[in-house]
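Enquirer: What follows is the residue order along each chain.
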Amino acid sequence: MKSSVIVFPGSNCDRDIAVALEKFQIKNQMVWHNEPSLPKSDLVVLPGGFSYGDYLRTGCIASKSRIINDVLKHANKGGLLLGICNGFQILIETSLLPGVLLRNKNLRFLSKNIFLKVININNKFCSNYKKKDVIELPIAHNEGNYFASDELLKKLENENLVAFKYCDKKGDVNEKSNPNGSSNNIAGILNNKKNILGMMPHPERVIDSILSGEDGSIMFESLLKSQ
Amino acid sequence: MKISATVTLKKEVLDPQGKVVGQTLKDMGYKNIVNVRQGKYFDIELDETDKEKAKKIAEEICKKLLTNIVIEDYTINLK
Numbered sequence: 138m139k140s141s142v143i144v145f146p147g148s149n150c151d152r153d154i155a156v157a158l159e160k161f162q163i164k165n166q167m168v169w170h171n172e173p174s175l176p177k178s179d180l181v182v183l184p185g186g187f188s189y190g191d192y193l194r195t196g197c198i199a200s201k202s203r204i205i206n207d208v209l210k211h212a213n214k215g216g217l218l219l220g221i222c223n224g225f226q227i228l229i230e231t232s233l234l235p236g237v238l239l240r241n242k243n244l245r246f247l248s249k250n251i252f253l254k255v256i257n258i259n260n261k262f263c264s265n266y267k268k269k270d271v272i273e274l275p276i277a278h279n280e281g282n283y284f285a286s287d288e289l290l291k292k293l294e295n296e297n298l299v300a301f302k303y304c305d306k307k308g309d310v311n312e313k314s315n316p317n318g319s320s321n322n323i324a325g326i327l328n329n330k331k332n333i334l335g336m337m338p339h340p341e342r343v344i345d346s347i348l349s350g351e352d353g354s355i356m357f358e359s360l361l362k363s364q
Numbered sequence: 011m012k013i014s015a016t017v018t019l020k021k022e023v024l025d026p027q028g029k030v031v032g033q034t035l036k037d038m039g040y041k042n043i044v045n046v047r048q049g050k051y052f053d054i055e056l057d058e059t060d061k062e063k064a065k066k067i068a069e070e071i072c073k074k075l076l077t078n079i080v081i082e083d084y085t086i087n088l089k
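Taken in sequence, the protein lines are chains A and B.
If you want my numbering, it's the position in the first sequence, counting the first as 1, plus 137.
If you want my numbering, it's the position in the second sequence, counting the first as 1, plus 10.
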C-alpha cells in the first residue's frame, strides 16, 4: 500500500502520521502542498497542525493549495483520503465532507485523552474495530465543535456516515462526555462512498503500547487489510 | 476601486467570542448592552473602474474564499 502525506506550512503532525504509516508497512511519501501533482497513492492523508496559522478560517487557505486539485481527483476516483484534526478542517473547507467545525464550546484549546465509540465499521478505515468498541485517543484542538443543520444530522445518522462519537469510559454518549460541543457528539464522519474519513482525534499518536496505547493501531491495520 | 467586505456569523450560529465580549462590556458597567456579534472586515483594492464588474468580482471573492456560506453572511460596500 502506498500513501502520501500532504505537508502544508504549519502542519505539525505530519511526521507522527508518517511514523505510524511506516510502522504498518505502508510505503509513505511526504508531498509539499505546492507540488503540481500527487504521486501514485492508495491513501492520502491531510495531517494535523495549524496550516497557514489558521488564517481566515481553520483549513481554509490550505484547501486552496495547488496539490488539492489532485487530492480532489484522487478522492473522486474513490481513493482513500484521511483528514485528522486540521486535516478534517481542510476536508470541510474543500466541501469533500459536509458541515462545519466551530470553535470549541468552552472557548478553550483542548489537549487530553477522550473516549470514542466506534459507530461505523463498514469502511476501510475502521474494519478491524468492533461495532460499539470504546477506544481512547487524544484530542488537541481549538476548533473541533462539529456543527451541522438538523437536516444534515439526520442524513448523517440515517445513512450511517458517523464514524466516531465522543463517549465516556463505559461507552455512554451524552452531554457530559462531549468535550467540545459537537452536534450529536460527532468526532468523525465519512462521505457517502466511505472512502473519505475526517476526524478530530489523533489515531497516529496511539500506536505504541510503551508510549501511549494501541487503540490507534487498529485503524492502520484496517487500512493495510483493505489492500 | 476600493471595496470592503464584512463577514459575520449567521444569526442562528453560536458566536462564543461575541458572547464573551458582550459579557465583558456588561461587567465593565455598560448595562444597556443587549448583544454583541463579532465579525471580520476586509479592505480590498481592485484594479477595476466599472462598478458592476467590481461588484461581481467582490461577490465571487466573498463566496469562494472570504466566507464559509454554511455559517457566515457577508455584506459588500463599494466606495
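Think of the hints as simulated: they come from the structure by calculation, not from any bench.
One thing to keep in mind: the hints can contain errors.
[As the list claims (entries may be wrong)] Coverage of chain A stretches by chain B, computed from C-beta distances (three or more under 8 Å per stretch; other residues unrestricted):
#1 192-204
#2 231-244
[Stated by the list, open to error] Estimated spans, in silico, between C-beta atoms of each pair:
#3 69/B - 171/A: 27 to 37 Å
#4 37/B - 311/A: 25 to 35 Å
#5 28/B - 313/A: 20 to 30 Å
#6 40/B - 171/A: 21 to 31 Å
#7 346/A - 49/B: 41 to 51 Å
For glycine and all other residues, C-beta sits at the position ideal for the given N, C-alpha and C.
Enquirer: All hints, please: hold or fail.
Expert: Results of checking the hints against the structure:
Only residues whose beta carbon comes within less than 8 Å of a beta carbon in chain B count, and the region 192-204 of chain A has 4; three or more means the coverage holds. Coverage of the region 231-244 of chain A by chain B holds. Counting CB-CB distances below 8 Å, 6 residues qualify, and the rule asks for three or more. Remark: the range hint 27 to 37 Å for residue 69/B to residue 171/A is upheld by a beta-carbon distance near 28 Å. With their beta carbons about 32 Å apart, residue 37/B and residue 311/A fall inside the hinted range of 25 to 35 Å.
For the hinted restraint 20 to 30 Å between residue 28/B and residue 313/A, the CB-CB distance of approximately 26 Å keeps it satisfied. A hinted range of 21 to 31 Å is violated for the C-beta pair residue 40/B and residue 171/A, which are about 48 Å apart. A C-beta distance of roughly 48 Å is found between residue 346/A and residue 49/B, which places it inside the suggested range of 41 to 51 Å.
Of the numbered hints given earlier, the model fails hint 6 alone.
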